[in-house]
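Chemist: So the chains spell out like this:
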Amino acid sequence: MAVGKEIRTKIKSVQNTQKITRAMQMVATSKMRKTQDRMRAARPYAEKVRQVMAHLAQTNPDAENPLLKKRDEIKRVGIILVTSDKGLAGGLNANLIRQFIAKSLEFNEAGIGVDVCAIGQKGLAAAQRLKMNVTASAIHLGDTPQMDKLIGPLTTMGKAYADGTIDALYIVYTRFVNTMKQEPTLEQLLPISTDKMVVEHPYSWEYLFEPDVGSVIDFLVRRYFESVVYQAVAENMASEQAARMVAMKAATDNAASLIDSLKLTYNKARQAAITTELSEIVSGAAAV
Amino acid sequence: MASTMHVDVVSAEEQIYSGEAEFLVAPAEMGEIGVYPRHAPLLTRIKPGSLRIRVPGQAEEVLVVVSGGMMEVQPSLITVLADTAVRGEDLDEQRAQEAKREAETTLNKANDDQEVATARAALKVAIAQLHALEYLRKRARH
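Respectively, the protein sequence lines represent chains A and B.
Read in order, the letters of the first sequence are residues 682 to 969 in our numbering.
Read in order, the letters of the second sequence are residues 265 to 406 in our numbering.
Careful: at least some of the hints might be erroneous.
In silico DSSO-like cross-links for lysine-lysine, where the CA-CA straight-line distance does not exceed 30 Å [to be verified]: (1) 840(A) with 388(B); (2) 830(A) with 364(B); (3) 311(B) with 750(A); (4) 700(A) with 930(A).
FYI, nobody ran anything at the bench for these hints, they're computed from the structure.
When you get a sec, could you build the whole thing from the sequences and use the hints?
Modeler: See below:
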């Protein structure tokens, strides 16, 4: 039958799209579970490092780590922008980049320069589009946060802080709240603020240090810094998969309702054609 | 008097061990140290090697192989922040041997300081794992 050829083609194409979005939804669901496990597995370490740092903050050791010291004047800051490599994850990256831009503008208005360290393809592209100063980047991380890929950019940012190129370092990432909710989050990384850390014991004591105070504190602070970023990347990955799953579910549902309404239109047209044909036959017969 | 202390061993990827212990031996930077409960507060770096944890009411010690990291000792609490850690029973002789061989070949071929340092570190980790396996085997024979 010649009726509704266009509509049938359209239905077919929407069905094909639906197949793709459904497959992506299922892939994201299975990946989400794994990324969430990884995120949870990384938490104990982050907590323990924080705890040791908190203990250390109470003892006032002689050595001062440059990463801990607050600077009086801030001329330039660094922002680590953690995004996903791939798109099709709903508003995940868009929301994050919006917050990032708002913060950068705020700094610019205050006459503070911004250096960007982009982790993830989307953030890198956005920063380049905005002609921002990208000093380090790590892309194509895959679905597992890998420390060895992060070490390079982190060292660059740590060094920039130590030699005074930047006076503060922030990290922007999407925090994983639950499957339906992910929040763009901005945290200050450097100088590491020890005020927020909980003091458990009111009395103070001194540590014994091996091999010496300076190197132990350097080592610990570095671990702390890395663990915070690692955790942020792990959370961002879990958020990415969750956001993609939700977005693809919505797309699949939309495709289903679109197919329904197209089918209705198609059937109506077909019915109309049959009715017309019938009435033509009947009126033809009556004329004879 | 408390005769046990709480021990937590965590690596960046996961929590390795958490529980009470009577005694612990750790490969500290300045030499192996043994820690009993109510030890003086101590912060030390640790070398590649194995941690031995004596758990109350258990004849066998818990063995954890670490490739370096940091240890915090408090009178009743020990926290080990390991760079990478493997539980004794998860060790694999063949893989450790392979890793050792690989590290040795890279060390021989290495031509700049950084490569040498990386290969040395990998070699130390593999050797620590093999020592731990040796220890486990000896213990099994007794």
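Chemist: Next, verify each hint and record whether it holds.
Modeler: Verification of the supplied hints:
1. 840(A) with 388(B): Distance ~28 Å between residue 840(A) and residue 388(B) Cα, so the pair holds.
2. 830(A) with 364(B): Answer holds: residue 830(A) to residue 364(B) is near 23 Å, not above 30 Å.
3. 311(B) with 750(A): holds (29 Å)
4. 700(A) with 930(A): holds (11 Å)
In the structure shown, no violation is registered for any of the earlier numbered hints.
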